Amino acid sequence: EDQVTQSPEALRLQEGESSSLNCSYTVSGLRGLFWYRQDPGKGPEFLFTLYSAGEEKEKERLKATLTKKESFLHITAPKPEDSATYLCAVQVLKNYGGSQGNLIFGKGTKLSVKP
Amino acid sequence: DGGITQSPKYLFRKEGQNVTLSCEQNLNHDAMYWYRQDPGQGLRLIYYSQIVNDFQKGDIAEGYSVSREKKESFPLTVTSAQKNPTAFYLCASSIGPGTEAFFGQGTRLTVV
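Which chain is which? The protein sequence lines are A and B, in order. Heads up: the first sequence begins at 1 in my numbering, then just goes up one per residue. Heads up: the second sequence begins at 1 in my numbering, then just goes up one per residue.
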């Protein structure tokens, strides 16, 4: 069964205290891995797509990396406005080379950054 | 302004009623999706459509129905057969398989 597990469930940081969020996945074949940010009561906001092991993407204080079994979202010198729930999702590659299309989501990591 | 519009933002349903949640996109995306989000759980797929006039059941389709008569629109009906409909419903669209999905702002449905 295809699965996505995120850890930790919650993370509290002081402003400026760098850390990493983990997303481990078990899938038959990975088409792509996606990171989203979700604020309370709102829809997820797209951050990054990663397709192959060794790939890295950066945006402001965020950097996403991918290995064959997991992805990390590194947050460097976070600010209070980075507080949100971060969601990881995978798209599975099917046997025929196609894709099911839909995303399989983890439960998210709730990040709180205190000033 | 391109994007995905969900309406209404809040919806209240009486026991035994069917309600329809609207989702419209002007991104010219082929694929559209409906997810349900409950506290402490990840997003779970209800239905998805990769092309007009075609849609597939997701993991939790029981008690829900959809239609895809136009590329821009993918309405979700929550029927009286859905025993626990109170949740946050999210609609998304993407160009196609393997590409990122973009989400609307959600509809919070409450049974009263």
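No wet-lab data here; the hints were simulated from the structure. On a predicted model such as this, the values are computed, not experimentally measured, just so you know. Among the hints, a few may not be true.
Calculated cross-link-like contacts (lysine-lysine; reagent style BS3-like; alpha-carbon spacing at most 25 Å) [unchecked claim]:
(1) A:Lys63 to A:Lys107
(2) A:Lys42 to A:Lys68
(3) A:Lys114 to B:Lys83
(4) B:Lys71 to A:Lys107
(5) B:Lys83 to A:Lys107
(6) A:Lys42 to B:Lys71
(7) B:Lys83 to A:Lys110
Tested hints:
1. Distance hint between Lys63 (chain A) and Lys107 (chain A) is fulfilled; the C-alpha atoms sit about 20 Å from each other, no more than 25 Å.
2. In summary, the hint linking Lys42 (chain A) to Lys68 (chain A) is not supported, as the alpha carbons are separated by about 31 Å, beyond the 25 Å threshold.
3. Pair hint Lys114 (chain A) plus Lys83 (chain B) does not hold up; C-alpha atoms about 40 Å apart against a cutoff of 25 Å.
4. Among the hinted pairs, Lys71 (chain B) with Lys107 (chain A) is inconsistent with the structure: their alpha-carbon atoms are about 30 Å apart, more than 25 Å.
5. For the proposed pair Lys83 (chain B) and Lys107 (chain A), the alpha carbon gap of about 23 Å is at most 25 Å, so the pair holds.
6. Restraint check for Lys42 (chain A) and Lys71 (chain B): the C-alpha separation of about 24 Å stays at or below 25 Å, so the hint holds.
7. For the proposed pair Lys83 (chain B) and Lys110 (chain A), the alpha carbon gap of about 29 Å is over 25 Å, so the pair is violated.
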